[in-house]
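Enquirer: Here the protein sequences line up with chains S and L, keeping their order. In case it helps, the working numbering puts the first sequence at residues 1 to 350. In case it helps, the working numbering puts the second sequence at residues 1 to 245.
Everything labelled a hint here was simulated from the structure, so no lab data went into it. All values derive from a computational prediction rather than experimental measurement. By construction, the Cβ of each residue, glycine as well, lies at the ideal position given by its N, Cα and C atoms. Some clues are possibly wrong.
Said to hold, decoys possible - From the structure, some residues in chain L lie toward chain S, with a derived Cβ separation under 10 Å:
1) E42
2) T44
3) M65
4) A67
5) R86
Claimed, not checked - In silico DSS-like pairs for lysine-lysine, Cα to Cα no more than 30 Å straight-line:
6) S:K225 - L:K12
7) S:K202 - L:K12
8) S:K193 - L:K168
9) L:K202 - S:K47
10) S:K48 - L:K196
11) L:K14 - S:K202
12) S:K202 - L:K196
13) L:K202 - S:K202
14) L:K14 - S:K194
15) L:K14 - L:K196
16) S:K48 - L:K168
17) S:K194 - L:K12
18) S:K225 - S:K194
19) L:K242 - S:K225
20) S:K48 - L:K12
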Amino acid sequence: MKKKYLSTGNEACGEGAVRAGCRFYAGYPITPQNELIAYMSVRMEEKKGTFIQAESELAAINMLLGASAAGARVMTSSSSPGISLKMEGISYMAGCELPAVIVNVMRGGPGLGNISTAQGDYFQATKGGGHGDYRMVVLAPANVQEMFAFTYDAFALADRYRTPVMILSDGMLGQMMEPLEIDEDMKPAGIVKKPWAMTGAKGRDAQRVVSLFLGDGALEAHNEKLQKKYREIEVKETRCETYNTDGADVIIVAYGLVSRMARAAADRLTAEGINTGLVRPITVWPFPYEEIKRASKDALQVLTVEMSAGQMLEDVRLAVQDDSKISFYGRMGGGVPTEEEIIEKVNSEQ
Amino acid sequence: MAKRFTRPESMKDKATHYCPGCGHGLAHRLLCEVIDEMGCRETTVAIAPVGCAVLAYDYWDFDTMEAPHGRTPAVATGVKRVLPDRLVFTYQGDGDLAAIGTAEIIHAGNRGENLSVIFVNNGVYGMTGGQMAPTTLLGQRTATSQFTRRSATEGFPLKILEMMKDLKGVSYLERTSVHSPKEVLNTKRAIAKSFKTQLDNKGFSIVEILSPCPTYWGLDPVESMKRIETEVVQEYPIGVIKDSV
Ligand code: SF4
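Just chain L, same shape as in the assembly (with noise of 0.2 Å):
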């Protein structure tokens, strides 16, 4: 019987620390499949954020180093200016890149770096315990907004691929989602989009992923899937942002 289903080869075999049902493990695979089928994985050089994905390169059978809490973008603005024919992306939570990094986002985008990021939105601080982050949503209560997130004294969530399209240095912006099929396989291609942006030197492009985060969402791994189709969709569409490739 022919395998259907095996690990890709730019995936350790290891078991991640992730919590049951969060979204890193799939969005990893993803990407770990994209440079498997580009064969890419010799050229790759990732830059892993500082939050629940702090480990990655535990798991990724590639090159890949830390960054200082949202620097990630500088980081990898180095390594690509230095070494421009190699594969370089980010992966970043939305504390990394929304909140303690967005200068470093938004002027790499602006510089318009031959780089890809992929940006895992789920909403809350993981890795320091459930803290309100940027993308919170209204109403959801958090270690620190126990009160719920009010727009009154924190804001709005904040949408970075909305703030950033019209920025003429950035050419590929789309946000997907992974609770159901058909979105994993749609954040799959856009991943391999914007890989491919970079691979053919057409500029910065970042793939915001959707992604649940059970424990700290206080719901099960099915409920939280249900969730981002029925309320975080509502504040963050799913589609195309900007395409200009």
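Isolated chain S (complex conformation) (with noise of 0.2 Å):
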């Protein structure tokens, strides 16, 4: 049976996971996130799962790493400078190899910035942040109901490719109110043995959860195995949504928030005569470099849109191969994209 509920972004991402069988949430406060520990503080409670309220968020990621490596689904939560100290366990579960969803409801910096809302954060998410070389699944919601459900499918996706998925919001999209439907009848999906979880060594051989590799080549082995299953994912697990890309002039391509007001600028510019089509990457890593090639093939013009200073740009340029169709429109440390300035943007590049 499903139901409608009106909640924020924050809330719908900590009701996914609830869904998704999270039975252990560890957080520390920041501002635009704190709806969503509020949230978990209940749920979990209510669920006789596990909520910590941790000293530091370095605290909060390094409980999500053992309680993960006791077999847990497990979360976190924060907002751009308390990712930042969350790096440091992310290297750590890409190298035990340990599921875990991480939300980032991304807000303004460098530093201490401010708590609007913004995109500065790709780059850290997407192109490694921790140290070492890691990839993590990135998906970027774009609306209250994908919060719900990109956090309910990042449990399967962790857990099936034992890796740290990143939930990449932003301060609007996580304190704004949008209707959300949730069929009731819904069960954890993609649940996986873990037989080597750190649950005791009963009937078997004394087990380890370690990222050390110490041996005569052991560590680049463990490396091209991580790299290999990073291949994998990209062929399986790349997602995005392309909107009226057949046949237009003018691709924009943009994730999250700002692929909202992208499409209505998609929409008005083709009304007005330059067909304007949308893709919008779900998944920013892995990213769709293919889609977007092929979507931008014929087109004239194909404009990035962000609220920063052009960090997807990158892999689009990567993606398109012709600098003379690249353009970029982005705001900073709170600004949001309005449709007027993207279609100003088009216009002006016409």
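From these two lone chains plus the hints, build me the complex, please.
Expert: Here it is in structure tokens:
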């Protein structure tokens, strides 16, 4: 039975986790994700799970490391400065091949920045952030319903590939209220056995969960195994949405919140006679290079719009391979690109 | 003839990488003996630190995982909350526990996490080459206190157990040593008490073991034990610091 709610993005995200079977949450207060940590404090209690308000983001992510190693579905959330602190633990979890879901409700940076919305953590999320050669799956929701659905999906992905998965949201998406529809009969998906978990060596040999490999060539072999997994994820899990891209003269590429303004701008431009389509990456890692390449092949202009100085722009450039088509419009530090600004930018490049 | 001394089942048959006279081997053996005696080998999850004991899982024959430097009690918190019926302990050095992990140890204790912490205090960073630790004695020369540790610029030896004894969440704190057979046996008793405290759901405990690092103390193994007995215990008195079990 489907039920309708009115929810903030942050709370929808929390509910997606609960429905996915998340029973361990640790976090630390930071704006603009506070609705999420408060929501989880209630829901974990109701579900007899564990909620811990940790002493720091470092402690929170490392509580996840332990709880995940013990076999639980685990989540933490924070916002940009707090996510920077979590990077150590994320790198360790990637190295130890531990599943976890990390939510970044992005705010303005660098440094303490401000508490408004931004997309300035794209590089951090998709290109590493922590140390070493690792990747993590990064899902970018664009509305409250997707905050719920993508968080739900993230747990199955994390378990399937034994990897940290990030939900890359932003302050406006986290705090806005929209209708949310939930299937009340929904059960956790993608539950797998975890024979590698730290449960005690009963009826089997003692085992370990480590990212340290000191033997001759051992770390290189481990890295090769990780890279093989990342290639598989690229092939199987790249997700993106294309909208009116067939025969479009202008392609706008935008993810998350910004894709909504971009879609509205594309509609108006098309109505005004400039046939405009949208490519919206849903996974920003793995990035939909092929889809963007295909959609932009016959386009005259490929405009990337972001709430940053142009971070995803670098990936779009790689996909398009023709700088004469590339243009960019970005706002930073809490500025949100409007439909009008996007239209104006397209027109100015014509 | 009856065999009186054998390797504990919880300990792998493997030579350790520790330096001659190092205290880690002793501490490992003691906790493995306790785990055997309590019949917990198959229900134990240990968290190894970053430091000389980073490879402890090469020697322990029970489930063991790593933690980023100092985050050991946070990792243990995660394991124990998910698996409350397992014996979960951290094994930490003084750099891990008393420097980079100060926040984690204090808050795990303050939350009263039902965990055991084995804290091996040898007053230096061994693995990285004998640098000064928060626990280094005043007047002690190390790789990063070449003119000896001076309170004016390097502060004072940090006594974590004394700092934590007023935390209501903490049940049991004891400092022991391995400088004599008597102290070794006493350390074993304290480890057993810490583990039993946890198995009885009585909360958070730390056993701090004063341990020699002959390599970076610049002493031979026998002199190192002497140093603990005469100097180290002056700063870090042996005994029960808190027992509300
Ligand atoms: S450096 Fe010190 S603590 Fe490390 S193994 Fe050698 S003696 Fe032991």
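Enquirer: Run every hint past the structure and note whether it holds.
Expert: Cross-check of the supplied hints:
1. A hinted interface residue such as E42 (chain L) counts as satisfied when its beta carbon comes closer than 10 Å to some beta carbon of chain S; here the least separation is about 4 Å, so the hint holds.
2. Below 10 Å, beta-carbon pairs count as interface contacts, and T44 (chain L) has one with chain S at about 6 Å; its hint therefore holds.
3. Interface hint status for M65 (chain L): upheld, as the beta-carbon distance to the closest one in chain S is roughly 4 Å, under 10 Å.
4. Here the hint on A67 (chain L) is kept, as its CB sits about 7 Å from the closest CB of chain S, short of 10 Å.
5. Because the closest C-beta pair between R86 (chain L) and chain S is about 5 Å apart, less than 10 Å, the hint holds.
6. Restraint check for K225 (chain S) and K12 (chain L): satisfied, since their Cα atoms lie roughly 28 Å apart, inside the 30 Å limit.
7. The straight-line distance between the Cα atoms of K202 (chain S) and K12 (chain L) is roughly 16 Å, inside the 30 Å bound, and the hint therefore holds.
8. Between the alpha carbons of K193 (chain S) and K168 (chain L) the distance comes to roughly 39 Å, so the proposed pair goes past 30 Å and is violated.
9. Restraint check for K202 (chain L) and K47 (chain S): satisfied, since their Cα atoms lie roughly 25 Å apart, inside the 30 Å limit.
10. This hinted pair checks out: K48 (chain S) and K196 (chain L) have alpha carbons roughly 26 Å apart, not beyond 30 Å.
11. Simply put, K14 (chain L) and K202 (chain S) have alpha-carbon atoms about 21 Å apart, close enough for the 30 Å limit, and the pair holds.
12. Among the hinted pairs, K202 (chain S) with K196 (chain L) is consistent with the structure: their alpha-carbon atoms are about 20 Å apart, no more than 30 Å.
13. Between K202 (chain L) and K202 (chain S) the alpha-carbon distance is near 24 Å, which keeps this suggested pair within the 30 Å criterion.
14. The suggested pairing of K14 (chain L) with K194 (chain S) holds, with an alpha-carbon distance near 28 Å, which does not exceed 30 Å.
15. Taken as a hint, the K14 (chain L) and K196 (chain L) pair is honoured in the structure, with Cα atoms around 28 Å apart against an allowance of 30 Å.
16. With a C-alpha separation of about 25 Å, the suggested pair K48 (chain S) and K168 (chain L) falls inside the 30 Å cut-off, and the hint holds.
17. Among the hinted pairs, K194 (chain S) with K12 (chain L) is consistent with the structure: their alpha-carbon atoms are about 25 Å apart, no more than 30 Å.
18. As the CA atoms of K225 (chain S) and K194 (chain S) are separated by approximately 18 Å, the hinted pair is consistent with the 30 Å bound.
19. Annotation: proposed proximity of K242 (chain L) to K225 (chain S) is violated, straight-line Cα distance about 48 Å (limit 30 Å).
20. For the hint pairing K48 (chain S) with K12 (chain L), the CA-to-CA distance comes to about 38 Å; that exceeds 30 Å, so the pair is violated.
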